[in-house]
Structures are given as C-alpha cells and as structure tokens.
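Line order of the protein sequences matches chains A and B.
Going by the numbering used here, the first sequence wraps up at 306, each residue one higher than the last.
Going by the numbering used here, the second sequence wraps up at 460, each residue one higher than the last.
Do not rely on the hints blindly, as some may be mistaken.
When the alpha-carbon atoms are kept at most 20 Å apart in a straight line, the in silico SDA-like pairs for lysine to any residue are as follows [to be verified]:
(1) B:K298 with A:R158
(2) A:K240 with A:L138
(3) B:K459 with A:S285
(4) B:K109 with A:Y265
(5) B:K104 with A:F269
(6) B:K298 with B:A197
(7) A:K240 with A:F184
(8) B:K459 with A:L77
(9) B:K459 with A:L50
(10) B:K137 with B:R356
(11) B:K452 with A:F184
(12) B:K298 with A:L138
(13) B:K378 with B:R396
(14) B:K459 with A:S62
(15) B:K109 with A:G57
(16) B:K264 with B:K275
(17) B:K214 with A:E143
(18) B:K317 with A:S144
(19) B:K452 with A:F269
(20) B:K275 with A:T167
(21) B:K298 with A:S144
(22) B:K137 with B:V175
Treat the hints as calculated values from the structure; they're not laboratory data.
Note that this is a predicted model, so its numbers are computed, not measured.
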Amino acid sequence: MRRAGSRAPRRGKAHNLSRKGYRYVYLLPSLVVLLGTTLFPIAYNLYFSLTSKRLFGAELVSFTWFSNYLAALRSPLFWHSMWVSFRYCVFSVAIELVLGFVVAYLFQSRLFGKKVMRTLIILPLVTTPVAVAYVFRLMLNPESGVVNYLIGALTGIRSLLWFASPTLALPTLIMIDIWRATPFVFLVMNSAIVALPRDEFEAAKMDGASRLQEIWYVLLPLIKPIIVVILIFRFVDAFKAFDTIYALTGGGPGRVTETLNLNIYKTAFFGGYFGEACALSVIMSIIILMICIYILKGFKIGMLER
Amino acid sequence: MNKLFCVLLLGLCVSALIGASGQQQPEAEKEEVYAGDANGMSSDQANVLVNDALNAKIDWKQFKGTKLRGMVYSSVSMSNLTSCVRGFKKLTGIDITIESIAAKDIFDKMLIEFNSGTPPDVVLINIITLAQYATSKWIVPLQDLINNRKITDPAWYNVKDIISAGIDYQTYNNVWYGVPLTNEIELLFYRKDLYKAKNLKVPTTMDELYENAKALNSPEMAGFVSRFARDSGSAWVFMGLVRNYGGYILTPDGKVTINAPEFKRAAQMYVKLMKDTAPAGIMNYTYAEEQNSYMSGKAAQGIDSSGFYAVFEDATKSVAAGKTGYAPIPTGVAGQPSIGNCNYWGMGVSTASKNREAAWLFVQFATGKPMARYMALKRGMLTRYSSINDELVTSRYPADWVSALGTAKTDKYSAPQHVSANTILEEVMIALQNIYSKPEAIDGILAETQKKVEEIVAKK
Numbered sequence: 001m002r003r004a005g006s007r008a009p010r011r012g013k014a015h016n017l018s019r020k021g022y023r024y025v026y027l028l029p030s031l032v033v034l035l036g037t038t039l040f041p042i043a044y045n046l047y048f049s050l051t052s053k054r055l056f057g058a059e060l061v062s063f064t065w066f067s068n069y070l071a072a073l074r075s076p077l078f079w080h081s082m083w084v085s086f087r088y089c090v091f092s093v094a095i096e097l098v099l100g101f102v103v104a105y106l107f108q109s110r111l112f113g114k115k116v117m118r119t120l121i122i123l124p125l126v127t128t129p130v131a132v133a134y135v136f137r138l139m140l141n142p143e144s145g146v147v148n149y150l151i152g153a154l155t156g157i158r159s160l161l162w163f164a165s166p167t168l169a170l171p172t173l174i175m176i177d178i179w180r181a182t183p184f185v186f187l188v189m190n191s192a193i194v195a196l197p198r199d200e201f202e203a204a205k206m207d208g209a210s211r212l213q214e215i216w217y218v219l220l221p222l223i224k225p226i227i228v229v230i231l232i233f234r235f236v237d238a239f240k241a242f243d244t245i246y247a248l249t250g251g252g253p254g255r256v257t258e259t260l261n262l263n264i265y266k267t268a269f270f271g272g273y274f275g276e277a278c279a280l281s282v283i284m285s286i287i288i289l290m291i292c293i294y295i296l297k298g299f300k301i302g303m304l305e306r
Numbered sequence: 001m002n003k004l005f006c007v008l009l010l011g012l013c014v015s016a017l018i019g020a021s022g023q024q025q026p027e028a029e030k031e032e033v034y035a036g037d038a039n040g041m042s043s044d045q046a047n048v049l050v051n052d053a054l055n056a057k058i059d060w061k062q063f064k065g066t067k068l069r070g071m072v073y074s075s076v077s078m079s080n081l082t083s084c085v086r087g088f089k090k091l092t093g094i095d096i097t098i099e100s101i102a103a104k105d106i107f108d109k110m111l112i113e114f115n116s117g118t119p120p121d122v123v124l125i126n127i128i129t130l131a132q133y134a135t136s137k138w139i140v141p142l143q144d145l146i147n148n149r150k151i152t153d154p155a156w157y158n159v160k161d162i163i164s165a166g167i168d169y170q171t172y173n174n175v176w177y178g179v180p181l182t183n184e185i186e187l188l189f190y191r192k193d194l195y196k197a198k199n200l201k202v203p204t205t206m207d208e209l210y211e212n213a214k215a216l217n218s219p220e221m222a223g224f225v226s227r228f229a230r231d232s233g234s235a236w237v238f239m240g241l242v243r244n245y246g247g248y249i250l251t252p253d254g255k256v257t258i259n260a261p262e263f264k265r266a267a268q269m270y271v272k273l274m275k276d277t278a279p280a281g282i283m284n285y286t287y288a289e290e291q292n293s294y295m296s297g298k299a300a301q302g303i304d305s306s307g308f309y310a311v312f313e314d315a316t317k318s319v320a321a322g323k324t325g326y327a328p329i330p331t332g333v334a335g336q337p338s339i340g341n342c343n344y345w346g347m348g349v350s351t352a353s354k355n356r357e358a359a360w361l362f363v364q365f366a367t368g369k370p371m372a373r374y375m376a377l378k379r380g381m382l383t384r385y386s387s388i389n390d391e392l393v394t395s396r397y398p399a400d401w402v403s404a405l406g407t408a409k410t411d412k413y414s415a416p417q418h419v420s421a422n423t424i425l426e427e428v429m430i431a432l433q434n435i436y437s438k439p440e441a442i443d444g445i446l447a448e449t450q451k452k453v454e455e456i457v458a459k460k
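Pulled out of the complex, with its shape left as it was, chain A reads as follows:
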C-alpha cells in the first residue's frame, strides 16, 4: 500500500510510447476504412484517367498519360457542358440564397401558423429527386399538365414546352432545383439568425438604423460564415446535379441541358470511354475545389480561422 502523500511511481518513456502506439492501433480500423472508401477510389480514378480504358471492345488497356485530359480540353462538348453546368449553378444557387434568406428573415417576425409553415417549407428537402422529377414531369406536361392548364386559363397562352423547348428547358430545371434546395438554405439561415445575440441589433436600433441598414450592416456580416458554408454546399451540389436532369430531359432537347456530370455519365456508361470519363471527373473535381477555395478566400473565411 502506498503511503499518503507519496507520489505515484513515474512511468518510463517506453510506457508513454506504447500508450501512443495503442492510440494508433485503435485508430487503425477507422483509417483503413477511410482510406479504402475515399483515397483508393480517387487513386483508382486517377489511374484510369491516364489510360485508354474502355468498358467494351477487345482492345487492351494502355497507358496514355495525359491524352484523355488534352482530348477533353480540346472537345467542344466539354466546354459546352461546362457552360451549361456553370449557368445552372450560378442561377440556381444565387436565387436559392436570396429566397432562402428572405424567407428565413420573414420567419423572425410574428407569423400566424409559423410551425406548420416551417414544416411545409422543408418538405421538398425530404423528397427523393427522381420522385420530384416525375411529379414535375406530370405537372409540366404540355398537353395534360396542371401548370399549362392554369396558365392557359389565366393568360390564354397554351402549350408551353417546359422540357422540350431549347429556351425553356434549362430555366425549368433551375426552377425545380430552386424549389428543392431553397428549404435547405432557409433551414440553415433560420437557425443561424435565431442563434444570433440580440445586443448588436438593439445597439443598431438605438443608433437609428433603418431595417435595411440593420440587415446590411449587422445581420449579413454576422451570418457571413454561415452564408459561405451554404454557398459552398449548394455550389458543389448544384455543380454535381444529375438525377433530376437525367430523369427529366436526359440532357435534351439536343444538348441544351447536358451538364458536365451528365456528360461524364454518358461518356462512361453509354459511350464506354471510361478513361476519358475519369479524366473529365478529375477535371470537374479540380474545378469544384478551385471555386470553393476562391469562395473561401473571397469571403476571407479561413478553414481553420476562429
């Protein structure tokens, strides 16, 4: 038995090392899973992007270095699909941010049936994208859809070709994305605004700030980090948009709604050019990463800043 007041026996350096070693042993299973599920597919994708891998045909796989990348950058189809993705992203994310913020701000005031409305607003968030696509397909059907019927009854304009018209197809897809993703923006913004301290707002009020000045000079700077997070989340999500577009237009009419992600899918699983598709997906990842870094730098938000 140790005497009272005596110090615990000092453990040696070797013991400390073995304790540290144990930590790594405990971490090992998670690390293996993490490496297996994230790094390995990325490395495999990178490898294939440097080869002539096709999904069919008798030709053997050969190492072609960066020829897939060069071919992609030279292809007008790549630049076309990039342009489609860019427009889809910019318009949908910008409108979602503004709409989400406006609704979240309105929710700060006293509203009748606020809880019911909140539940209704977030409903699109929990619906399956393909199910959403098919519901919109029915609603926007030029011959039997309810939307065209109502527009026809109110304005006399009939047969708006939502998905078949080259001018309307992309805006229609953007509209559906806005319907689906604005609740996410609203939900996060609403939580951020609710959690803000009230002192700054009271101080601004005492200084005679108008409602707009209060929003511009107090509210927006306070929720800037949250806006950036939403912006990044939504941007990445919109840039990768696939399911709804595939189910609704398949990239048509012609190639009007063929986004970069759809182009990658078609290249790989339709054309069978797997190496080229891998190269395209690497390019897409780099673009997304660069834009995310640009957003973080532009808003002067450091990943590890406090």
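Given chain A, put chain B in place with the hints provided.
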C-alpha cells in the same frame, strides 16, 4: 394484474402462431393457387409449357438447386417471360430471378453489369448491343450449347423452326449468340374511324402520310405520333425511315452516310411530321409516351413496332381498341418497296456465368416451341415458323396486321452494326432534335453529326 397481463399476452402470441401455421399449405397445394396476373401467365398455361418440355430427352433436373439471374427491360412482352419462370422452377428445380429494368436504362445497366464481372447469367441481346457484347466476349456462342446432347434435345428444340431472320439478327461475324424471344417490325397504325370520317386513303408514300397527318391534326388530336426523345432507343423508328428513303446511318461496309441526300430527305420528313402534326411535347416522347398518346385518343396515327398491337387492342386501356388499322410503313421513294425496321430481342448466356449450362436450359425453355406459341398468341411475337403457320395464331389477329407483317421487307443494316451503335444513334437523335429547333440549319447540323459519328466509328 401484471401476471394476468403476461398470461393474456402469452395466450395471444400462441394463438397467433397457431393461426399462422394453420394458414401454411403443402408445397403442391401452393402451386395450384397461382392465378394469371394481368400481363402474366396462369398456372394452367405454365403447366402446358412444363408438360411439353417433359417430352425433351434431357434431364431437366440435372442442375437442381442452382441459382440463376436474368435481366430484362420492363415491358408487357417481357412480363410474360418473367411469369414463365415458375413453370421453369417447377420443371428444373433451378431458382431463377428475373430483374426488370426501365427500357431506357437497360443498355447502361447491362454495360455496368458486364463490367462488374458478375453480370446476369441470362441476358437480353438485340441488334444494337450484339456487336458490343460479342466483341467484348461477354456472351457465349450458342452452337456449342446446342450441340451438347446432355443439355439440348435437337428434336424437341428444333432449331430449324426458328425464323432464319431472327437468327441472322442475333448473329455477329458469323457466330450465333442469341435466340429470338420477341420480334417487332415497323408498321403504320392508324385510326380507321377517323380515316373514314375524313375520307382518307391508307398512305403508300411518306408524302401521302404527311398529308393525311395534316388533315387529321387538330388542337385536340395530333395527326401523327412517334418516338422523338434523344435516347438511342427512340431512334428505332427513324432507322427504318432512313432505309425507306434508300439511305443508311452506317453502310454494311461501315461508312458513315449521315450527310447523304437520302438521309437528309428522311430527316426532313421525320422532323416535318413531328413539327407540324405531332403532340407539343414530342421531344420527350419515348415509346411509352407515344403509346399513351395513341391509346388515350390524343393521336390519330403513327409509325412504330408491330408489338404495340397487344396494348393498342386492350379495350380496358385503349380507346383505339378495335378501331386501329395496320399497314406497311409508307415508302420514302415512290415506286420502291417499303423497308421497315425490325428488332428481335434475343436471349443469350453470359460468358461470366458460372452456370452456363443451367442458364442455357432456361433459354431453351423460354424460347422453345410452346413458349414461342404462347408469345405469338398472347403478344403477336412471331419467332418460329410453327407460330406463323399456326391457324389459331393467325386467326387471332386482324388480317391487315398479319398482311403488313407478312409483306414487310426488313434490312439488318438499318441499324448501325458497330460496338458504339448506342452512341451513334444518340448522336442521330440529337441531330434530329436540333433540326426540329432550327430547320434552316439542317445542312450544318448533319455535317457536324457526320463528323462526330465518323470520330466515334474511327475510335473503335
């Protein structure tokens, strides 16, 4: 109180268990209660197949307990195949699962399945995928399986009874890969009552068809309907039309001829029909939307597969039932015979299958004479000479439908024979949709598509 509650709960559980066990039936009794589902096969019909198959001099039970997987696209015809499964299970003891995939996704899905290394044992093959599957060595040449007396009774299976064109459509580089399960020939379907009301004659040329379509077109009803979505499956109708104008997408010697005058004339006519007389949302029309439009009385006529007969004449779903006339597709060039596109969906065995012989037993069962007769009677799929010569089969269908099928000329090369046939056909559909949007730019669009398809063909 608690004790009483526990006793009551226990009693409830015991009685539920007794009740459940009382509902169980012996295996033999279970098979008797199968009723024919809406599109499927009744137990009696399945028994006919089984009893006939028992005449084959092979041991159907030799692979008892084996598990197989098959994949088909969802359609009315294929639902008959999935329901013949229970007859096969009863006959062989082989457990086969047939997965149904949406028609527009079947090509992509199969590509992924083959590349995963564990594709289904039994696969569907058609003229669009044949070159791809055969070149990639994903499907087994059938001759070795047919010559194997342990698993094939030549007298019962009778290969000579299979329509030679069907075998030809499933043959690549002189190697036979699939047995035809369905056959479809392109023909014209039209509403006889509307033709009579407008005093119209059945068209023999595409120009006459266009005039009729214009006469029938109204805000309530489209004068013409067909497929016009951008997926490769929707190119099926247009492929026949190109041949009908004397053109090719890819000539038999592999030359791309999209910028040829024949192709241009076919494209101009098809787009003209779509633009002036088809439903407003035609750019999203696959065969399913086309069928719905015609069956609901929103279109007066169209060109598509002879296999649509079964759905058009279903009085429970179609307002056109009993009012539809059938004719060979009108010719593009007056005085020349019309050439309709043709498709045989065949069944083959995948090379990666560990149970090729068991899979062949299923193919044999599903494409044998009794099943072929059933498909002919129920769906109008004529894949065997015995079905064509069967009076019961021919008497079951309208004379004009049988005549249209009998007189139709087909050409295997209306479809591009290339490993990338799918991509080529999608490029063609994209071109047609672009022409629809900008008819004045047709020459530029066709020249651009010619270049793109040449690049695809050169890639191999």
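Okay, the hints, checked on the actual structure:
1. A C-alpha spacing of about 16 Å is found between K298 (chain B) and R158 (chain A), which places the hinted pair at or below 20 Å, so the restraint holds.
2. Of the pairs offered as hints, the one joining K240 (chain A) and L138 (chain A) is violated, with about 24 Å between alpha carbons and a cut-off of 20 Å exceeded.
3. Pair hint K459 (chain B) plus S285 (chain A) does not hold up; C-alpha atoms about 26 Å apart against a cutoff of 20 Å.
4. Between K109 (chain B) and Y265 (chain A), the direct Cα distance comes to roughly 12 Å. Compliance with the 20 Å bound is thereby established for this hinted pair.
5. Distance hint between K104 (chain B) and F269 (chain A) is fulfilled; the C-alpha atoms sit about 13 Å from each other, no more than 20 Å.
6. A distance of roughly 16 Å separates the Cα atoms of K298 (chain B) and A197 (chain B); the hinted pair therefore holds under the 20 Å criterion.
7. A C-alpha spacing of about 17 Å is found between K240 (chain A) and F184 (chain A), which places the hinted pair at or below 20 Å, so the restraint holds.
8. Our distance criterion of 20 Å between C-alpha atoms is met by K459 (chain B) and L77 (chain A), whose separation comes to about 17 Å.
9. The hinted pair formed by K459 (chain B) and L50 (chain A) meets the criterion: a straight-line CA distance of about 17 Å does not exceed 20 Å.
10. With a C-alpha separation of about 14 Å, the suggested pair K137 (chain B) and R356 (chain B) falls inside the 20 Å cut-off, and the hint holds.
11. For the hint linking K452 (chain B) to F184 (chain A), the alpha-carbon distance of about 41 Å lies beyond 20 Å, and the restraint is violated.
12. Restraint check for K298 (chain B) and L138 (chain A): the C-alpha separation of about 16 Å stays at or below 20 Å, so the hint holds.
13. With a C-alpha separation of about 9 Å, the suggested pair K378 (chain B) and R396 (chain B) falls inside the 20 Å cut-off, and the hint holds.
14. A distance of roughly 14 Å separates the Cα atoms of K459 (chain B) and S62 (chain A); the hinted pair therefore holds under the 20 Å criterion.
15. Note on K109 (chain B) and G57 (chain A): the hinted pairing holds, with a Cα-Cα distance of about 17 Å set against a maximum of 20 Å.
16. Distance hint between K264 (chain B) and K275 (chain B) is fulfilled; the C-alpha atoms sit about 16 Å from each other, no more than 20 Å.
17. Simply put, K214 (chain B) and E143 (chain A) have alpha-carbon atoms about 19 Å apart, close enough for the 20 Å limit, and the pair holds.
18. For the proposed pair K317 (chain B) and S144 (chain A), the alpha carbon gap of about 17 Å is at most 20 Å, so the pair holds.
19. For the suggested pair K452 (chain B) and F269 (chain A), the alpha carbons sit about 18 Å apart, so the restraint of at most 20 Å is met.
20. For a cut-off of 20 Å, the pair hint linking K275 (chain B) to T167 (chain A) stands: about 16 Å separates their Cα positions.
21. Between the alpha carbons of K298 (chain B) and S144 (chain A) the distance comes to roughly 11 Å, so the proposed pair stays at or under 20 Å and holds.
22. The straight-line distance between the Cα atoms of K137 (chain B) and V175 (chain B) is roughly 12 Å, inside the 20 Å bound, and the hint therefore holds.
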